[in-house]
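**Q** For the sequence shown, the UniProt record's numbering assigns the number 1 to the initial residue and increments by one for each residue that follows.
Honestly, the hints are just simulated from the structure, not real lab data. Predicted model, so just to flag it, every value in this text is computed and none were measured.
16 Å max Cα-Cα, derived EDC-like pairs, lysine to aspartate or glutamate:
1. Lys-9 <-> Glu-47
2. Lys-51 <-> Glu-3
3. Lys-38 <-> Glu-14
4. Lys-9 <-> Glu-40
5. Lys-20 <-> Glu-31
6. Lys-9 <-> Glu-49
7. Lys-20 <-> Glu-36
8. Lys-7 <-> Glu-49
9. Lys-34 <-> Glu-14
10. Lys-7 <-> Glu-47
11. Lys-7 <-> Glu-40
12. Lys-45 <-> Glu-14
13. Lys-7 <-> Glu-36
14. Lys-45 <-> Glu-3
15. Lys-34 <-> Glu-22
16. Lys-9 <-> Glu-36
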Amino acid sequence: MGEFTEKVKGNVNEAIGNVKQESGNPATRHEGRKQEAKGEAQQLKGEVEGKLGNDI
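Please model the entire structure based on the sequences and the hints provided.
**A** Shown next as structure tokens:
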């Protein structure tokens, strides 16, 4: 996928993760932390693709 797509997906996952972390349920909060981390990784992937090209 392209740089833009990965960054958008990353932002969405971070936002959903942040909402889940505000939950009163410990399991949902944990899931939110994992989803936020996934979003951060997707954004980083998008940045790397942008610097190296989409052929990685």
